[in-house]
Amino acid sequence: MVVHNLLPTAPLQQNLSTVTLQVQDKDPVADGVVSLTLAHPDGTRLPDWTPGSHIDLILPSGVTRQYSLCGDRWDPYTYRIAVLREAPGRGGSAYVHDQLMPGNLVEVGGPRNHFPLAPAERYLFIAGGIGITPLLPMMHQADVTGADWQLLYGGRSRVSMAFLEELTASYGDRVHISPQDEVGLLDLEAWLSEPDARTKVYCCGPGPLLAAVEAASSQWPPYSLRTERFTAKALTEPVHRGPFEVELCRSGRTVTITPDVTVLQAVRQAGADVLSSCEHGTCGTCLTPVVEGTPDHRDSVLAEHERAANDCMLPCVSRSRSARLVLDL
Amino acid sequence: MSEAPAVAVEPPTSDADPFATEHLTTPEPLHHALREAGPVVRLSRYDVYALARYRDVHAALVDWQTFQSAAGVGLANFRHSKPWRPPSLLLEADPPHHDAPRRVLREILAPPALRRLRAAWQPIADDLVDTVLATQGTDFDAFEALAKAFPLRVFPDAVGLRPDGRDNLLPYGNMAFNAFGPVNALVQADAARAADLSAWVNAQCARQALTDDGFGARIWAAADRGDLTHEQAPLVVRSLLTAGVDTTVHGLAATLYALAGHPGEWQRLRERPDLARVAFDEAVRWQSPVQTFFRTATTDVAIAGSLIPEGSKILMFLGAANRDPARWNDPDRYDLTRDPSGHVGFGMGIHQCVGQHVARLEAEALLTALARRVERIELAGEPRRHLNNTLRSFAALPVRVRPAS
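So the protein lines, in turn, are chains A and B. Just so it is clear: in the first sequence, position 283 is 283 by the working numbering, and no numbers are missing. Just so it is clear: in the second sequence, position 344 is 344 by the working numbering, and no numbers are missing.
Just chain A, with the same shape it has in the complex (with noise of 0.2 Å):
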């Protein structure tokens, strides 16, 4: 039986404002990997989340970090996430190894989706070690659809590929593990060589696997493939080397983008107040509607008919093809 919960509900999906939640469990699921559980320290409802979904961690030091949510999205109390220990990394992956403990309490942003499942007949999801994450609700909600799905995931070793056992527990045969060490790298060739239109290619992971998912599906139907990065695509040259006008239209202000300087950067000095979180265009939270005139988007998130539009913009990273730009500030 459900009890009915009557304590007060957490604001929706799409809501920017953050909320603290409470480690409940911290568990380590491969080597250098931990997943968390977070909940809320009420009790209550977390905002609705899709497969696909990442929620920020704002840690202490104001690093913010985005991890995809793993959890069972039919369980409205948690969330889980799992977070690789990234050696050079700029310090969020190791406070979570080392400092974030059970009991504690961390500011979560979101949750967003940049990467959300769309339906078809069949799946072949591919993951590159930790990339695994956001790809473990779709593959659940594959099965619960009655699509016809495989996944493929590669990693350096077993020891260091997080929920292989509950992978093949739940799973069994449609998934295929190839741990680098025993069998090399993933054989994309075999898996995207015939192009077919019932099937979408969900691929997570680091960026030469990415790249490498993009070659072998090249003659796939367009939009068959979908990826989502950990890290920035390499930023290309701006289209406009010279300065350019930014207009907010809600207090009238212009402000002039020189390039040593950011859309976003720019903005906030003349007093927008626009929420950002990665400031490297993969986590979609500046998402700033343009009123007039022609981003050049450079960011990671959007996709081509998003761009397409010029409707919106990742102030962060993105710049201006025309003169001007009216941002909707």
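Hints are not guaranteed to be accurate.
Away from chain A, derived, C-beta distances all over 12 Å, residues of chain B [to be verified]: (1) D15; (2) T25; (3) A59; (4) P95; (5) H97; (6) V104; (7) D130; (8) L133; (9) D157; (10) R162; (11) A189; (12) Q208; (13) R270; (14) I350; (15) R402; (16) P403.
Derived list of chain B stretches under chain A, where covered just means 3 residues or more per stretch with a C-beta under 8 Å from a C-beta of chain A [to be verified]: (17) 74 to 88; (18) 106 to 115; (19) 228 to 235.
It should be emphasised that the hints constitute simulated quantities derived from the structure, not laboratory data. Each residue gets a CB set at the ideal place from its N, CA and C atoms; glycine is no exception.
Start from chain A and add chain B according to the hints.
Showing chain B alone in chain A's frame:
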């Protein structure tokens, strides 16, 4: 979360018929009685459970895991009976099937995507109000002339409908919203036209029936990108046509009714036209154009000790929640100084009205146009209600205005 009680309490029972003429006409006394009776009331006539207090309605709306929509949000239980039409992919679906249609529609109807419409709609609203004042003088039916006329002028174009047959839109919506109730006289009155109306609406959802620049075309473009299937696209278009017309028409009528009945609030709006959106949302709270929706319990649920057995239909009284004195100060008062945020007139949670920004934009354009041109607006007679099993709607709203000099 508290522990389940050892013995569940039988909830109080009421034999009231919420779909009877007297309650559809004047729902407030029944709402009051249900809120007072307890957090859960069993409605013996239909063997369903009722929630009427804000906190319970709100909690049930956000808890899609326990209170499912896929068994139908009307009285009919899709677990046992065949729906009268293929179920809505938005309203009558739960995750995961609900996710992609919702996401696609949310992107298409999100505020940034609507910015171009704002520029287009304001002159149309200005023109409509000018024409009404010029041709109808100071006394007219604000329901026909404004609340109905404006959405029908802008929304079908925004969706991308062809000109022919648009007069089917309101009857189709009326029929769909009646169908969430029992098969009473209101449903029977629609029966003769049901097949024709459905056929017309379904035909409008096809790609070739739609212009290439509206919401409908964008839904089909999402299917081309694989964000939806091509089988889903026409059903998502149908959701726009079902849920986007009658609700807005009666929401606007409710706003005009509220403002015409509250001269002080009209003056406040004239002084501060930026209150247009508040005026609309407060009217949605105060009148709740969508009065009720059902959910179905996916498990045995205990609310304040009362047991609702798995598989039961639960009727949520949005209108009652929106006037619950435990949540709202002086709830029966229409008040532009109030923050109506959190009202459940658009629902709440993953099924919250995805078109609400479109409705607010329509309201903003119409109210801004009216406030600029009309110094006083007052009721010139009793408004006439149109009865519907789900919608709180109008048939006529006679007003008298004094144009601004």
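Hints and how they fare:
A cut-off of 12 Å between C-beta atoms confirms that D15/B is not in contact with chain A; the least separation is 25 Å. For T25/B, the requirement that its beta carbon stay farther than 12 Å from each beta carbon of chain A is met, with the minimum near 32 Å. Distance to chain A contradicts A59/B as a non-interface residue, since its nearest Cβ pair spans about 6 Å, not more than 12 Å. The claim that P95/B is not at the interface with chain A is violated, since a C-beta of that chain comes within 12 Å of its own (minimum 7 Å).
A beta-carbon of chain A is positioned within 12 Å of the beta-carbon of H97/B; the least distance is around 7 Å. The Cβ of V104/B does not lie farther than 12 Å from every Cβ of chain A; its closest approach is about 9 Å, which violates its non-interface assignment. Non-interface status of D130/B relative to chain A is upheld: no Cβ of that chain comes within 12 Å, the nearest being about 28 Å off. Separation of L133/B from chain A is adequate, the least Cβ-Cβ distance of about 32 Å exceeding the 12 Å criterion.
With 12 Å as the threshold on Cβ separation, the claim that D157/B sits away from chain A holds: the shortest Cβ distance comes to roughly 20 Å. Residue-level check passed: R162/B sits 25 Å from the nearest beta carbon of chain A, beyond 12 Å. A189/B, annotated as away from the interface, keeps every beta carbon of chain A farther than 12 Å; the closest lies near 37 Å. Listed as outside the interface, Q208/B is consistent with that label: its C-beta sits roughly 21 Å from the nearest C-beta of chain A, beyond the 12 Å cut-off.
Once the 12 Å rule is applied to beta carbons, R270/B is consistent with being away from chain A; the minimum gap is 23 Å. With 12 Å as the threshold on Cβ separation, the claim that I350/B sits away from chain A is violated: the shortest Cβ distance comes to roughly 6 Å. R402/B, annotated as away from the interface, keeps every beta carbon of chain A farther than 12 Å; the closest lies near 34 Å. Under the 12 Å C-beta cut-off, the non-interface status given to P403/B relative to chain A holds; the minimum distance is some 32 Å.
Counting residues of the segment 74 to 88 of chain B whose CB lies closer than 8 Å to any CB of chain A gives 0, which falls below the minimum of 3, so the coverage claim is violated. Only when three residues or more bring their CB closer than 8 Å to a CB of chain A does the claim for the segment 106 to 115 of chain B stand; here the count is 4, and the claim holds. Beta-carbon proximity to chain A at under 8 Å applies to 3 residues in the segment 228 to 235 of chain B; the threshold of 3 is reached and the given coverage holds.
Hints 3, 4, 5, 6, 14 and 17, counting from the list given before, are not met by this structure.
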